[in-house]
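**Q** Going line by line, the protein sequences match chains A and B. Position 196 of the first sequence, counted from 1, bears residue number 196 in this note's numbering, the numbering being contiguous throughout. Position 9 of the second sequence, counted from 1, bears residue number 9 in this note's numbering, the numbering being contiguous throughout.
Think of the hints as simulated: they come from the structure by calculation, not from any bench. It is possible that part of the hints are untrue.
Ranges of calculated distance between the beta carbons of each label pair, as one might list FRET restraints [said to hold, decoys possible]:
(1) A:498 to B:120: 21 to 27 angstroms
(2) A:613 to B:16: 21 to 27 angstroms
(3) A:179 to B:82: 52 to 58 angstroms
(4) B:120 to A:113: 53 to 59 angstroms
Glycine included, each C-beta is placed from N, C-alpha and C at the ideal position.
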Amino acid sequence: MGCGTSAATEAQGRLSEKDDSVKAPSPALTMKAAILIQRWYRRYVARLEIRRRYTWSIFQSIEYAGEQDQLQLSSFFSFMLDNFTQISGNGPDLISHLLDPALTEEEKQATFEGVEVSDSYSGPHISFPLTVSDTNALLSAFKAQQILHARYVLQLLYETKRFLKQMPNIIYLSTSYTKEITVCGDLHGRLDDLLLIFYKNGLPSTDNPYVFNGDFVDRGKKSIEIIIILFAFLLLYPDHMHLNRGNHEDHIMNLRYGFTKEVMQKYRTHGRQILQLLQDIFSLLPVATVIDDKVLIVHGGISDMTDLEFLGSIERQKIKSVLRLPKSFEDVEAERGLEKICGQAGSLRSAGGPSGGTRKRRCRRRKPSSGSSSSSSSSSSSSSSISSPRGASQVWSSPLPSPRVPSPTDLLQLPFLDSIVAVASLAPPREEAGWKQIVDLLWSDPKKQDGCTANTFRGGGCYFGPDVTRRLLQRHGLQLLIRSHECKQEGYEFCHDGQVITIFSASNYYEEGSNRGAYVKLGPDMVPRFFQYQVSRCTRKLTLHQRVSVAESSALKSLKEKLFAHRSELMAAFQEYDVNKTGCISITDWAQATESVLKLDLPWRTLRPRLARLAPDGAVEYQSCFEDVSAGQPVPQISPNLAETLYRYRTDLEIVFNIIDKDHSGLISIDEFRQTWKLFSSHLNVDVDDSAIDDLARSIDYNKDGSIDFNEFLEAFRVVHKLDTKEKQQG
Amino acid sequence: MAEERDSAEALVSEIHKKITDAFEVFDHEFNKTVDIREIGTIIRSLGCFPSEGELHDIIAEVEEEEPTGYIHFEKFLPVMTKVLMELNEFSCNILILKHFVLHHILGEPFTREEMEEMFSAALDPDKNVIFYKDFVSMMTIEET
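Pulled out of the complex, with its shape left as it was, chain B reads as follows (with noise of 0.2 angstroms):
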């Protein structure tokens, strides 16, 4: 029990960390806040998945009660420690895609912006076409 309570704390500590070091690329002031619009910024680069409207959701869950378009560190760590330790449980990303593909889930438009930058990205300029394995590999790497 006591192993199990120690690797869960460890567990728990390093997902402060991760959670702790997105955070303070952003902290411009150094205050412990960042602009609410980095948020989705923030929660994508640790590996999950959110949809705008989800984002919406935990944002709402974080935000002051008078809110100033700032997002407060102590606010976001514990909200955001459950999402990935959630993750966790089920040891994989895998359990979110699985609950896109099983439920019908209506979809958000693209921006036209992010649709051309994707597309920039994703095309090859010789033959214009996409090859869905290197999309899929550029989109999937974990460059760490």
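The following block holds chain A by itself, in its conformation from the complex (with noise of 0.2 angstroms):
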């Protein structure tokens, strides 16, 4: 045993020894190796599981504030729609047609008779009313890759219209006519997760009931597959197969992550019917299933305000969706809300208690952002935003820009709070009370400690603690909720002393390997059992090791877009500590001046070797974390704020384009270009002034024919990774 300097070198070096001169070791050698090996490798496991669970936090902190981001600009567009029909003289119609994609006569008339099936197509053909055969037809053909003609989509879904009227908003089942009911999560999209559900547990059927507590659309790239599937055998049988409406069974959700798009692509000619009757669907949605009155299942959660038998009670279907109050009585919840908000945030500033330094992250989030005052004032500020946008620098400084309400709290991010007018509502308080109860139902996640606060980590519903729970189910003699909403990575999860189960049955829901699916099936015991499973496209096993490579290198890819996205504002940050001007500062600098810029709440220390370099003297190298991200193709002529404007705001960019792109050309004229600029820069508090985006829209149409490319423009600001394109010239 010599004296190693380190012991990597130590331990190489004593087992090759060991190889060369030691044939037969003695026991008690191999009894030391033996142990010695068992240690090292439960470290290097424990140090592989600190990576996994900072890829999760990555993953999962992007994705919440994505769903800010979109709650935000629907909130938006709803407060456009109801207040400024005119944004710039130039025709109404562009923002109303943004949140509500209204039908010309002609496509309302229209009915799913009138459309031809021609010869040539090849996929399944199904006939009303439905049969096994049918379903199996469809699962066949989708397991091929074919997709249903449009006009059985359309008929499926008046079918399903018409079946979903006449249910009620809370559907209440028993165990005792079958053995046991199968409760699935979110599946996003996912056909192959629903198929191998299938496969395990069996089709629908009689026997062998079913409760699909929502999100089955967005995300993945089969939703139109999954619904048609869901609806066909709720079609079938109408007694064992149930469907709760989850967050994204909502048209503006699916604007944001992709159903919508799918649809478009997938029926060119048909897409804005289907998807018009899909929103009316997804409102008749039942909101929550009860079964043998002990389990509630819900797709999000519960909060202190929620009540079953008013619940029950509600026009569920007036609400399209959920991200906007029913017109007539926004105003009065808008400002009910902000009282209540503005009176929650006072008591969690207390409960942080006098020394700022304590970690409460989820408080800390909702920075007070720069020139703003009090509540009071948000009202007249949001209408006065808009004539005169406030200069680009105060946008750097806020973390969410929304113009409306220059967020005197933090809180007022509420997506829900956004659309404050001063004018007096003659709407019902009680539809405004169901409103509220169904965001809470679909939107809230629980939390540990007791206790309800809005959930502003989404930017929706709430947080409801072990107490709210108890005393649901109490009140309403329940024992189990069952709720699904968030990724899990065993696909279940028990929280609040057993009462709650979390089920997610999107397996490598963020990337291959992050995480496993399951479904839970009750018996009349109602003693919950949970299956798991993962859909794996290798024939092979992974590794650890190599799962938690793939999974870490893909979060990280979405970090570093992160950070390149607010760099002007990262690199003042850094400036600041960077006293002498050295272009490096201490590692805890740069943690802080990182999460005071994304405030996405993730361990930047130990993340920090991954993403940015070292100097010689242990002090950050702070350009370092730009290096690995580049524009993916020259910017066109505009200055450096606006192109990072365009980096950060890409996807809403392009969810509004795509909705004035009626025809799905992927083309757009100068001036609506021009219009939504207006719209958008006023949304987001940039001030761009008419002559810069005149020469921006000038400049980008090449070929001089009035109208624009914007799939081709926004391609100019997407964020690429060198060690990418590096690998594919070589390759």
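Fit chain to chain and form the complex, with the hints in mind.
**A** As structure tokens, this is what we get:
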């Protein structure tokens, strides 16, 4: 045994020594070696575990930040729609069809009967009323990557709508007729997961009832297929197939998360009609299921206001999107909500204590932005900000620019508080309360501490504590709450002393290998039994190290894109610490600066080795965290500030462009482009002068025909990873 | 003397930061607690090699008088600082290694799962043997 200078060389030296000189090692030595290997191996696994955990945090933070963005954007649209139908005097229709893609008279009149199925169609044929052979045909066609004809889709949707109209808000089931009921969580367009569940657990039937707990669509590429299969089984076994609404069964969410795009791509001619029908159907989906009066199943969760009797009596079809209050009573809700939330803000702050340094991340997230005074000013400033956008400099200093509410308190980022106007409302408070109840069911997450607070991390719904769960279950004589809505590594998780189960059925949700999916079965004894699975494209099982590395690198990529999109803000923050202009700051300062800008609540110090380089003296060379990424294409002639805005709000812009592009040609007129920018810059509160936009529009109208290919335009603002490009070139 | 004290203080503060970072990765509620089952991962990720038995001793030291299933940061920090300071004093983890090699220590069984996972990480898929040099470097490499 020499005196090695590091553990690594010592261990290596010792093991090779053994290999060379000892042919048959003594049992004692073997034992020692084994113990040694065991200890090193456990440490190795522990280090991987740390990486796996922070990878998870990155995915989750970025996901929720995206949800916040979408809520921001859509509430801004609502506000515009309700208050400023004419933004630039150039016709009112731009904004009005942002949110309500109203069909033309012709489209409204049309029904599935008028849609011809041509002879060249090779996909499945179905006939109504549906039978088992129809659902079988659908399943095998989708397995073979076929697409169902628009005629059948429309007919299926009409039938589904008619069926759902007569369903109550809350479905009451009983296990006494069947042995067990299967409950599945989020599927998110992952057809493979649904097929795997059916393969393992059997198809829905009178002997095998299912409850699907929302979020069937978005993110995955096969959302429409999932919808079709679920609706077909719903019509086939109306008493044994049950669907709860999720927060993604919402046409406004679908704009960002891909379902709208998917439908338009698969159904070019009838896409709008299909989407319109789906919008109605989504609002008609029941919002909760109760089994044996003992188990409550909802997509998100509950709040301290949740009241099942009341929920049972509201008119759910009026709530097309939970991101938007039905128009007439928006205002009252906004004001009422504001008071309530501000009250909560106060209590949160005082709970944080006088020492501002205590870690209370979810509260800290809502940083009061600059230049604001009090909540009472919000209504007036909301409109004034549109007529006179403030300077760009202020935008960079506020975390989530929201022009209509220059956020007196951070908590005003709640989407439902955005449309604050001083108009008295005629809406019955009852409807407003009903809307609030549904928002809570669809958007809430459980938390471990007692109490009920606004879910500012996601931007909607609330966080409910064990006491809220206990009270609700007690009041209604229930035993258990099953909800979905959050991805869990094992596919399911218990919390609140076993009174709440989270079930999530989309495996590999964030990345190949990131999580398992699960479903849960309940028998008359109400003891949940879990089944886990993971869809795998690889034939060989990946090692733990490989699994962690794949997910990690994908998470880090997204994170680096975030860094890049906030480059100037970050640089300003770094330079504040870098008094001597050395280009280096301490790790602690780097971590603080990064968090202060991005607000993702991530363990930055742990992540640092993956994001930025150290100088020889141990300080962070902060420029290095932008090294791996760069602009995808040469950027058109625009100011750096505008370019960064584009990087950051690329997704938002894409959504707006796609709505404006009615015929889905990928082209919009220069005039529409200009209007979009005006709308958008008032949303972002960026001061872009008209001539700059005109120049930009002209410069990207390459063939000078007056129309702009916005996909090409946005492509220039995609962040690319240098390592990838190199690999591609080499490969 | 003053310099020595400064560098000792710097060392302690560096160790404190390391421990805080590792702890925070597992502090899902942001309330300065972690699940007791995560403690082993935290300690090992900080570069220690405790056996399950030794881990048990450390946990006993940091646990609340009435066990809640959670470990509080204030309890964990001083104990862990002491452990890491001792490691540091001998400048290298090697001391621990020698300790194992020189003393007869009873082994603990690997669980079946752990064993399978380890082999899946260690085995060369084509030849179905373990290249121990690769295995050692895989386990000992410091990825920072």
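**Q** Evaluate each hint against the coordinates.
**A** Here's how the hints hold up against the structure:
1. A:498 to B:120: 21 to 27 angstroms: With a Cβ separation near 33 angstroms, residue 498 (chain A) and residue 120 (chain B) fall outside 21 to 27 angstroms, so the hint is violated.
2. A:613 to B:16: 21 to 27 angstroms: Holds, at about 24 angstroms.
3. A:179 to B:82: 52 to 58 angstroms: holds, 57 angstroms
4. B:120 to A:113: 53 to 59 angstroms: holds, 57 angstroms
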